[in-house]
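Colleague: Input sequences plus hints: build the corresponding full structure.
Number of protein chains: 2
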Amino acid sequence: MTQLSLPEIPPYDEQAAAAARQRQNRLTKPTGSLGRLEELSIQLAGIARSAAPRIERKAVVVMAGDHGVVAEGVSAYPQVVTTQMVNNFLNGGAAINVLGRHVGAEIVIVDMGVAADLDPHPDLLVNKIGYGTANIAVGPAMTPAQAVQAIEAGIEIAVSLIEQRQIDIVGTGEMGIGNTTPSAAIAAAITGQPPAEVVGRGTGIDDAGLARKAAVVERALEANNPNPEDGLELLHKLGGFEIGGLAGLMIGAASRRVPVVIDGFISTAAAMIAVTLSPGVRPYLIAAHQSQERGHRIMLDWLGLSPLLDMDMRLGEGTGAALAISLAEAACRILSEMATFDDAGVSDREG
Amino acid sequence: MTQLSLPEIPPYDEQAAAAARQRQNRLTKPTGSLGRLEELSIQLAGIARSAAPRIERKAVVVMAGDHGVVAEGVSAYPQVVTTQMVNNFLNGGAAINVLGRHVGAEIVIVDMGVAADLDPHPDLLVNKIGYGTANIAVGPAMTPAQAVQAIEAGIEIAVSLIEQRQIDIVGTGEMGIGNTTPSAAIAAAITGQPPAEVVGRGTGIDDAGLARKAAVVERALEANNPNPEDGLELLHKLGGFEIGGLAGLMIGAASRRVPVVIDGFISTAAAMIAVTLSPGVRPYLIAAHQSQERGHRIMLDWLGLSPLLDMDMRLGEGTGAALAISLAEAACRILSEMATFDDAGVSDREG
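Residue numbers (our numbering), protein chains in the order written: chain Z, 1 to 351; chain D, 1 to 351.
Check each hint, because a few of them may be wrong.
What the hints assert, rightly or not - Here are some chain D residues pointing at chain Z (derived, C-beta under 10 Å):
hint, residue
1, GLY35
2, SER75
3, GLY204
What the hints assert, rightly or not - Pairwise CB distance ranges (calculated):
hint, chain 1, residue 1, chain 2, residue 2, range
4, D, ASP230, Z, GLU106, 52 to 58 Å
5, Z, ASP342, D, LEU125, 27 to 33 Å
6, D, ARG54, Z, GLU163, 34 to 40 Å
7, D, THR340, Z, GLU106, 23 to 29 Å
8, Z, GLU106, D, GLY304, 38 to 44 Å
9, Z, ALA71, D, GLU56, 44 to 50 Å
10, D, ARG101, Z, ALA71, 21 to 27 Å
11, Z, SER306, D, ARG165, 35 to 41 Å
12, Z, ASP342, D, ALA52, 29 to 35 Å
13, Z, GLU106, D, ARG101, 19 to 25 Å
14, Z, ASN25, D, ASN25, 46 to 52 Å
Treat the hints as calculated values from the structure; they're not laboratory data.
Every residue, glycine too, gets a C-beta built ideally from N, C-alpha and C.
Modeller: What follows is the structure in structure tokens.
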């Protein structure tokens with residue numbers, strides 16, 4: 001029996017959240033007029049246990065892994081692109097590098113299980129659990145021990161970013177050719193929705209590819225028959241190494257009261273595993289955006305999250321998370337930098 | 001007969017837009033996977049007449065004015081709040097100051113017609129057309145000459161920001177207790193929609209206030225009977241001084257090929273006047289966000305604009321525009337900073 005050791009998640013602080021809401025209502029604007037920004041600031045207050053939470057150091061953690069299920073022809077791109085894109089991240093040329101620079105977030109790249117040995121690079125964290133997962137259409141993605149290893153690596157990365165680099169908010173990102181397929185399988189297993197309702201076009205497969213992908217998810221569920229209430233089993237049977245790492249990252253961040261901005265489809269599948277393992281993680285999660293990937297809405301609904309952005313994006317890498325981190329920072333700044341009606345000598349509403 | 005002199009608007013450059021689209025398709029990501037960010041970069045290329053447009057200097061222009069129609073009880077706040085909030089802007093304590101700092105945009109405050117003399121301040125531009133408009137429920141808001149003056153002041157401000165401060169993008173903002181009422185009247189006049197469909201709660205009026213507001217718009221349309229195809233007449237009969245200034249600002253920016261990010265309900269009414277006066281302004285406009293104010297969707301549809309953000313905001317001041325300016329900057333950076341498949345040695349999709 002494999003043992004997974006999970007950290008305790010401190011409760012969300014309702015008092016700090018209430019204090020932040022009271023402060024929002026005294027700021028020089030009509031009550032509620034900053035909408036989602038106000039709600040976000042209140043959530044961040046509850047997470048940080050402070051009525052004036054601060055976001056200064058920001059990071060997006062991009063975890064990479066390969067997937068044996070690509071043998072089923074589920075992706076529009078060859079598997080080697082995972083490795084090539086990791087190198088692109090390390091060279092600063094990918095979308096997440098640009099958006100990270102734009103919002104002032106550092107980008108942390110982790111090899112959780114790419115199917116090739118990557119050249120050493122000072123910015124590359126290597127936590128390779130394997131050279132890609134096995135094909136979930138015919139059996140489990142990884143061993144139970146590997147699932148434990150992936151989650152624990154993610155927890156450790158979160159804790160070290162928070163303790164050593166004083167990160168105040170973490171965004172999730174990923175790279176892994178084929179990884180929308182295990183994500184869809186996880187979503188179908190947990191929500192009970194039919195595979196055709198949760199699979200999407202990923203990087204851009206055609207109609208035939210989409211039908212094939214739904215059939216592959218169907219086969220993965222039949223071959224593995226996972227218990228939808230067992231997060232570790234879901235990961236071991238259907239997951240990806242980067243999906244397990246991201247689930248661990250979320251648990252680790254929540255254990256230290258640090259908010260997690262989840263990106264798109266794959267990150268959301270990781271969040272479903274994280275919440276299945278540790279329900280206390282839920283209030284620490286912020287959904288960055290509504291992905292164009294079919295099924296994402298169903299997954300966010302299951303998590304009870306409402307995305308901040310809807311920009312028709314479907315790239316992954318943490319690109320949506322980077323944009324949303326900037327909104328979270330804006331929300332905190334509103335709370336701490338705006339004048340109150342009293343401060344500014346502005347009349348509040350009549351009656 | 002009052003003469004309004006309008007600058008020529010250069011055409012949107014389809015060739016530069018096409019070149020930007022081609023470049024987007026060579027960047028290391030699945031085609032179209034950055035969704036609205038890609039579309040935005042392409043629009044900005046067409047505006048700037050460059051396949052690699054740059055956004056470095058950013059400004060939000062916040063125009064303030066008062067409204068005689070407050071005599072009808074259409075706002076939840078007393079008129080003095082317009083003056084108080086202008087002072088709050090000048091002291092850096094309002095939401096737009098915080099968000100301007102967050103996105104790196106300078107805030108330009110203009111007194112277009114506040115109903116009091118404001119204390120001189122180095123950051124306050126004074127273009128006072130009058131001490132508030134007249135009550136539109138009983139007659140025209142301003143004289144035709146004042147309408148010309150408001151628009152020309154806006155044009156001049158845009159041109160001077162662009163020529164003297166090298167502003168690359170301009171956001172619109174406003175402050176004026178009561179100004180959702182003239183905005184709704186303009187929207188109803190131009191679109192032909194019944195007042196009840198376009199009026200909203202503004203800063204937060206109750207159901208009785210909302211019904212009163214719809215009736216006031218109805219009376220304003222009856223009392224003034226504006227020609228919906230005459231932008232100047234719409235402004236003179238229904239407008240506000242800040243609404244005219246913003247319409248001029250949009251025309252001035254477009255005349256210099258500078259994109260304009262329009263904020264919420266009031267800015268959108270100004271955009272409708274700008275486009276009625278100068279249809280060539282339309283491709284230079286970017287809609288920041290979907291306001292919670294009822295009727296905003298109808299107005300954006302009339303303009304053919306799709307908002308970037310939907311954050312349940314309804315504050316005005318340019319707060320939505322500030323957030324969207326950051327997205328526009330991100331879009332430009334993606335276009336110029338990302339590696340192409342060839343640069344990065346990444347394999348493009350199969351087949």
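Colleague: For each hint, tell me whether it holds in the structure or not.
Modeller: Status of the hints after comparison with the structure:
At a threshold of 10 Å, the smallest CB-CB gap from GLY35(D) to chain Z is about 3 Å, leaving the interface hint in force. Taking 10 Å as the C-beta cut-off, the interface hint given for SER75(D) holds, the closest approach to chain Z being about 9 Å. Look at GLY204(D): its Cβ gets to within about 5 Å of chain Z, closer than 10 Å, so that hint holds up. Between ASP230(D) and GLU106(Z) the C-beta distance comes to about 55 Å, which sits within the given range of 52 to 58 Å.
For ASP342(Z) paired with LEU125(D), a C-beta distance near 28 Å keeps the hint of 27 to 33 Å intact. Restraint check, ARG54(D) to GLU163(Z): a C-beta distance of roughly 39 Å satisfies the suggested window 34 to 40 Å. Evaluation of the 23 to 29 Å hint for THR340(D) and GLU106(Z) yields a pass: the beta carbon distance comes to about 24 Å. Distance hint for GLU106(Z) and GLY304(D): a CB-CB separation of about 40 Å, consistent with the stated range 38 to 44 Å.
Against the hinted window of 44 to 50 Å, the Cβ-Cβ separation of ALA71(Z) and GLU56(D) comes to about 48 Å, which satisfies the hint. Distance hint check: the CB atoms of ARG101(D) and ALA71(Z) are about 52 Å apart, inconsistent with the given range 21 to 27 Å. Separation of SER306(Z) from ARG165(D) is about 39 Å and conforms to the stated range, judged on CB atoms against 35 to 41 Å. The beta-carbon spacing between ASP342(Z) and ALA52(D), approximately 48 Å, falls outside the hinted interval of 29 to 35 Å.
Between GLU106(Z) and ARG101(D) the C-beta distance comes to about 21 Å, which sits within the given range of 19 to 25 Å. A hinted range of 46 to 52 Å holds for the C-beta pair ASN25(Z) and ASN25(D), which are about 48 Å apart.
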